[in-house]
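Make the full structure from the sequences, and use the hints.
For the sequence shown, the UniProt record's numbering assigns the number 1 to the initial residue and increments by one for each residue that follows.
These are computed hints drawn from the structure, not numbers from a lab. Treat the hints with caution; some may be incorrect.
[As the list claims (entries may be wrong)] Simulated DEER-style distance windows between Cβ atoms:
1) 216 to 118: 34 to 44 angstroms
2) 197 to 236: 32 to 42 angstroms
3) 69 to 178: 30 to 40 angstroms
4) 72 to 174: 20 to 30 angstroms
5) 110 to 81: 20 to 30 angstroms
6) 110 to 178: 40 to 50 angstroms
7) 76 to 107: 48 to 58 angstroms
[Stated by the list, open to error] Straight-line C-alpha distance at most 25 angstroms; calculated DSS-like pairs for lysine-lysine:
8) 72 to 320
9) 148 to 78
10) 148 to 323
11) 148 to 175
12) 72 to 323
13) 175 to 78
14) 323 to 73
15) 320 to 78
16) 78 to 323
Even for Gly, the Cβ is constructed at its ideal location relative to N, Cα and C.
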Amino acid sequence: MSTATKRGTSAQATSATEAGSAARTEGPNSSRYLLFSDKSDKVPVLAKEPLDDFILSYQEEPHMSRRMAMLKKYPEIKQLFGYTHLTGIICTALVILQVGLSLFLSQSAHFFSWYYFVIAYVVGATANHALLLGIHELAHSMGYRGIKYNRLMAMIANIPILIPYSTAFKDYHLKHHRYQGVPGVDVDLPTRLETKIFWHWSTKLLFCVFQIFFYAIRPMFIRPFDRDSWLVLNWAIQMTFNVGLYTLFGWRPFFYMLLSTFLAGSLHPTAGHFIAEHYSFDGENETYSYYGPLNAVTFNVGYHMEHHDFPNIPWTNLPKLRKIAPEFYNNLPYHMSWTKVLINFIFDDRVTVFNRIVREAPEVATTTLGAPPLVHSKFDPALRVTAAQ
Numbered sequence: 001m002s003t004a005t006k007r008g009t010s011a012q013a014t015s016a017t018e019a020g021s022a023a024r025t026e027g028p029n030s031s032r033y034l035l036f037s038d039k040s041d042k043v044p045v046l047a048k049e050p051l052d053d054f055i056l057s058y059q060e061e062p063h064m065s066r067r068m069a070m071l072k073k074y075p076e077i078k079q080l081f082g083y084t085h086l087t088g089i090i091c092t093a094l095v096i097l098q099v100g101l102s103l104f105l106s107q108s109a110h111f112f113s114w115y116y117f118v119i120a121y122v123v124g125a126t127a128n129h130a131l132l133l134g135i136h137e138l139a140h141s142m143g144y145r146g147i148k149y150n151r152l153m154a155m156i157a158n159i160p161i162l163i164p165y166s167t168a169f170k171d172y173h174l175k176h177h178r179y180q181g182v183p184g185v186d187v188d189l190p191t192r193l194e195t196k197i198f199w200h201w202s203t204k205l206l207f208c209v210f211q212i213f214f215y216a217i218r219p220m221f222i223r224p225f226d227r228d229s230w231l232v233l234n235w236a237i238q239m240t241f242n243v244g245l246y247t248l249f250g251w252r253p254f255f256y257m258l259l260s261t262f263l264a265g266s267l268h269p270t271a272g273h274f275i276a277e278h279y280s281f282d283g284e285n286e287t288y289s290y291y292g293p294l295n296a297v298t299f300n301v302g303y304h305m306e307h308h309d310f311p312n313i314p315w316t317n318l319p320k321l322r323k324i325a326p327e328f329y330n331n332l333p334y335h336m337s338w339t340k341v342l343i344n345f346i347f348d349d350r351v352t353v354f355n356r357i358v359r360e361a362p363e364v365a366t367t368t369l370g371a372p373p374l375v376h377s378k379f380d381p382a383l384r385v386t387a388a389q
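Okay, here's the thing in C-alpha cells:
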C-alpha cells in the first residue's frame with residue numbers, strides 16, 4: 001500500500017480550511033458537484049479526476065470510536081441489542097416462495113418468455129437478495145439466542161441460492177467488520193487485478209452486471225476459508241436439496257433459482273447496496289447509509305453506518321438507534337437511491353473501484369474521534385466545502 005494516497009495530515013486540514021473559505025465567496029455552484037441530480041441524495045462526488053490508487057488512511061476504522069462515544073452518551077442503546085425471530089420467519093417464507101415458484105414456472109412457463117424473466121427479476125431476484133441479507137443478519141447471530149440456531153437457519157435460507165456459502169460468508173463478513181479496509185483480510189475490497197480492469201464505463205458496467213461472481217470468487221483467491229464441520233454441514237444440506245430436487249423434478253426448477261441469484265447480484269436496484277455501502281465518493285467517509293424504500297425488502301441493510309456502529313443490533317432496531325442518537329448521523333452523507341448509485345458508479349468517470357479507503361492494520365492506526373479532516377490529493381477541498389453548504 002506504499003503507493004496509496006495518504007490522508008489526514010494537519011497541513012492538508014489547514015489547506016482544506018483555507019480553500020474552503022475562498023470557495024464560500026467565489027467557488028462554483030455546489031449542485032454541479034453533487035453525485036446525484038436530485039437534492040434528496042446527500043453524497044457529493046468531489047474528485048477532480050479518477051483515482052490512481054486506493055485512499056490510504058492511518059486512522060483506525062471509524063466505528064469502534066463512534067460506538068464508544070455513543071454508548072457513553074446514550075447507555076440506553078444497549079437495550080437495542082439482541083435478536084429477532086422475525087428474521088427466521090421471513091427467511092422461511094422466502095424459501096417456500098422461491099422453491100414453490102421454481103416448481104410452478106418449470107411447468108407453466110418457457111425459459112425464454114418475457115414473463116418468466118419479469119417474474120425472475122421482480123420477484124425472484126428481490127427474494128433471493130433478501131435471503132442473502134437474511135443470511136447476513138444470521139451471520140451476526142441476530143435471529144436466535146444460540147449461535148448454532150443462527151447457523152442452521154442460515155443454511156436453510158441458503159437453499160434457493162443453490163450454492164452453499166452461508167458458513168464461509170460468516171467468517172469473511174465478521175472479519176470485514178473487525179478489519180474494515182485492511183487488504184488481504186477484508187475481502188470486500190477489490191483486488192489489484194480488478195482495479196486494472198474496471199476503470200472505464202464499459203468495464204464498470206460489466207463489474208455491476210457480474211458483481212455477484214466477484215463477491216463469491218474474490219474471497220477464495222484472497223483468503224481461502226477454513227474447512228470445519230459447519231462448512232461440511234452447509235454443503236451436505238445444500239447438496240441433499242439439489243440432488244432431491246433434480247431427482248423429483250429434473251433440472252428445470254434450477255434455472256429459475258439460478259437466474260434469481262444472478263439477477264439479485266447484477267443490475268438490480270437492491271444490488272446497489274454493494275456499491276453504496278463503502279465506496280468513498282467524497283474521499284472522506286468510508287461507510288454510507290441508504291434511507292430509501294428498499295430497506296423494507298432488504299432487512300434494513302441500508303442503515304449501514306448504524307449497522308457498522310453496532311453489529312449486534314438487529315435490523316428491526318436500527319431505525320431506533322438513529323432516533324436515539326441523531327446527532328451522530330444527521331450530518332453524515334447518505335444515499336436515497338441505490339439505482340442512482342449504480343448509474344453514477346458506471347458513468348461518472350471520477351468514480352472507479354479505487355474509491356475505497358484502506359488501512360494497514362488496526363494496531364498502527366490512531367483514534368478517529370477528533371482527527372483532522374481527511375483529504376485525498378485528487379479531491380478538491382474547495383468542492384468539499386461548497387458541496388456541504
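Consistency of the hints with the structure:
1. 216 to 118: 34 to 44 angstroms: For residue 118 against residue 216, whose Cβ atoms are near 25 angstroms apart, the range 34 to 44 angstroms is violated.
2. 197 to 236: 32 to 42 angstroms: holds, 36 angstroms
3. 69 to 178: 30 to 40 angstroms: The hint (30 to 40 angstroms, Cβ to Cβ) is violated, given that residue 69 and residue 178 are roughly 19 angstroms apart.
4. 72 to 174: 20 to 30 angstroms: Once the Cβ atoms are compared, 25 angstroms apart, the range 20 to 30 angstroms for residue 174 and residue 72 holds.
5. 110 to 81: 20 to 30 angstroms: Violated, since residue 110 and residue 81 (Cβ atoms, about 49 angstroms apart) do not stay within the stated range.
6. 110 to 178: 40 to 50 angstroms: holds, 48 angstroms
7. 76 to 107: 48 to 58 angstroms: holds, 54 angstroms
8. 72 to 320: Holds: residue 72 and residue 320 sit about 17 angstroms apart, inside 25 angstroms.
9. 148 to 78: Distance of about 23 angstroms is within 25 angstroms: holds.
10. 148 to 323: violated, 32 angstroms
11. 148 to 175: The given pair, whose Cα atoms are some 19 angstroms apart, holds under the 25 angstroms limit.
12. 72 to 323: Holds. Residue 72 to residue 323 sits at ~16 angstroms (cutoff 25 angstroms).
13. 175 to 78: Cα-Cα ~23 angstroms, so holds.
14. 323 to 73: holds, 14 angstroms
15. 320 to 78: holds, 12 angstroms
16. 78 to 323: holds, 14 angstroms
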